[in-house]
Each structure stands twice: as C-alpha cells, then as structure tokens.
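2 protein chains.
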Amino acid sequence: MVQPIAFYFDFSSPYAYLSAQVVDDLAARHGREASWKPFLLGVLFKVTGQQPLLDMPVKGDYARHDLARSARALGVPFVVPDAFPFHSVAAARAFYWLEDRDAAAARALGKALFDAAFGQGRDISRAETVIEIAAGQGVDRAELAAALRDQAVKDRLRREVDAALEAGVFGSPILIVDGERFWGHDHLPDVERWLETGGW
Amino acid sequence: MVQPIAFYFDFSSPYAYLSAQVVDDLAARHGREASWKPFLLGVLFKVTGQQPLLDMPVKGDYARHDLARSARALGVPFVVPDAFPFHSVAAARAFYWLEDRDAAAARALGKALFDAAFGQGRDISRAETVIEIAAGQGVDRAELAAALRDQAVKDRLRREVDAALEAGVFGSPILIVDGERFWGHDHLPDVERWLETGGW
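Residue numbers (the numbering used here), protein chains in the order written: chain X, 1 to 200; chain R, 1 to 200.
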C-alpha cells in the first residue's frame, strides 16, 4: 500500500500557492495522492526564529521576482496581496472543518483560497472572505461561520500545527514522501525523481 | 556575442560546492562559459541580517540531510568540515590572484579548494592549507604566501565583494544569466530551462 505524499503548507505562503498548482498531478503520475495539510507558519517561526521571506532585505526583492518568474513558468497568475504577510487561521480552520465532512470539497476549497489570495490578491485573512469563497463552492455560510468560532475546530487546527512541527516541518511548502522531507517549491523536481527511482 | 554565466559563491558554502560540480558543463551545453566569482558571504550577511543556514534551528538539520542527499544525486562525496562555518578569505584571495595570471589554473584551484573542504573535510580557512592545495597544482608556495599578504590582492577581493553586492548577490550560490538572478543549487534546472528557451 502506497503512502500519500504529505503536502504541508501555510495558506499565506506564495511558494505553496505555486506548489498547490501541481502537487496533485505530480502525486497522481506516481499512483499517489497528495494529502493537503495546512498549518500556521507563524507558530513555527517562533521556534525557528525566522522572519517572513518577503520582508527580508535584498532577499525579499529577489523572492518577489522569483515568484513572478516561477508563476510564469507554470502559466498561472500571480500577485502579492496588498495585505501581506497575512494570517491564515480562518482559511486553515475552514479547510479542516470541511475535510472532516468532505475531503474532496476541502481540496477544492483549498485551491479556491489559494487562487483568491495569490491569483486575485484578495484578503483571505478575513473570515468573511473565507466564508464568501466557501459559499461559492456550495458550503453553507452560517454553518461555516459557526465552525470558525467553534472551540473543537480551533483545537483541531492546533493539533495539526503541533503534528506538523512533530513531523519536522519548518517552512512552506514542505513535502514528505515516505518519511523524506523536501522543502520548497524548487524541490519538486527532486520529489518527482525520488518517486520515479524509489530514492537514493 | 553571448555573455558568460556569472557563478557567485562563497568557498565556505556547501550548496555552492554542489553547483561547482556541474556549472561548467551546464554552461558549455549552451555554448556559454561560467565565470567563477567567489565572494564573502559574511559581508553580505551583515547587510541582509541573515545567519548561516546550518546554524538555524530545525532548518539546519534539514539542510545537512538535504546536502548529503543532493550530493548523492550528483554522485560526489560530501562532508561538513569539523570547522564550520569557516572563513574563506584566503581561498578567495588565492583564486583572484591566480586568475589574473592564469584563468584556467584559477578554475582548477577553485575546484580543488571545494573538493578539499566538502569532499575531504579539510580546513581551507587556514592560509597554509590553501597554499598546500595550490602547490599541488603547481603554484609556487612562496609567491602565493606573499600574495595572500599583499594589499593589492586584499583590495582586489574587496572590490569583487562590493561588485557582487552591487549585482544583487545576497546568497551562495547565485547564478546570473543575462541579467537574471537564480539563487540556490536547487534552481539549476531553471537556469538550464532559461538558457534553452531564452527566458520567459
């Protein structure tokens, strides 16, 4: 039985947006599924002492250029939202809440949230925006609004963030293939090669 | 007339060691030359406020694992020297001094220095070690020893570091292809694609 590929990401991570465009197809090419696992990078940054990439001197400018170039390579739109970096708590909570009810719907919502943020520049840090996007996918507004305030849903996300940290996740995106971590959108060719060859 | 590919690196950078194994062949496949440009990452880190990768919590452990894995993918040996991070001033000065006299010899010395550090774990921060390695390539020991103390040679390296900063270099390795920066060993497939397609 083959394990799914774990796709750890923060909805506020522009490189994860890029990987999200291709990770399902990559997995499928090797008879795998990608298991989407949103977490909160800010919590991890407290552990690793890192600062958000786009805020770094010099490196931040390069990253903006590289992101736009990488998006062109994939043929997908790319914008950095005006409100950036942003909190992705509402997005991540909505994802896990929906996943417990309908995994495919959660996946579709994940894609729509990424597209809203980095394809269209919308502010998905706002619960209202997340609800509006989910409603566009057929999710009940009132149910989701209640879920986003539900302690059980908050706890679920907290457990997922703890589990990510436990799995050695420290950045976004990180893919884990059969216990092997690959950090960064740039590493997807290595993930592909690892799947093709069984590792080296 | 085609421009050379600028290969900016610090001799103390393990990812640059990996790129150094393949950058000349990569350039040659596209009718280019790689122009090796050692600089001092420590000077740039003062500007960008970064800390050495392998010292970062969590991320450092990942990087060691990723470096070993990437070296296996290239089929080259890899060790992190006991003295790490280390200063590469002597190595960089020796490189530029030799380059002014014999560019091919400087390239060969550059490869030998990288191999000594990350292939064999030797401490190339010591001028004596750099001189010994250079002597193994036919360089006169006394001449090089004098050069490493020569103010003109020191100034030459300082100018190169300033020029790297001016060119937007902030990490190691960084390749610049026709004005386009690519940061990181992981980005070499993009460099190849850029050269194949003329950019996108």
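Everything labelled a hint here was simulated from the structure, so no lab data went into it.
All values derive from a computational prediction rather than experimental measurement.
Yeah, the Cβ is synthetic: ideal placement off N, Cα and C, and Gly gets one too.
Worth double-checking, as some hints may not be accurate.
As the list claims (entries may be wrong) - Below 20 Å or equal to it, Euclidean Cα-Cα: the simulated EDC-like pairs (lysine to aspartate or glutamate) are: (1) R:154 / R:143; (2) R:154 / R:140; (3) X:59 / R:196; (4) R:111 / R:132; (5) X:59 / R:25; (6) R:111 / R:180; (7) R:59 / X:140; (8) X:111 / X:140; (9) R:59 / X:166; (10) R:59 / X:180; (11) X:154 / X:143; (12) R:154 / R:100; (13) X:154 / X:82; (14) X:59 / R:180; (15) R:59 / X:123; (16) X:111 / X:123; (17) X:59 / R:166; (18) X:111 / X:180.
As the list claims (entries may be wrong) - If you want a taste of the chain X side facing chain R, the calculated C-beta under 8 Å gives, among others: (19) 29; (20) 62; (21) 64; (22) 72; (23) 73; (24) 74; (25) 77; (26) 170; (27) 183; (28) 186; (29) 187; (30) 189.
Under the constraints set out in the numbered hints, which ones does this structure not fulfil? 3, 5, 6, 7, 13, 15, 18, 19, 21, 24 and 25
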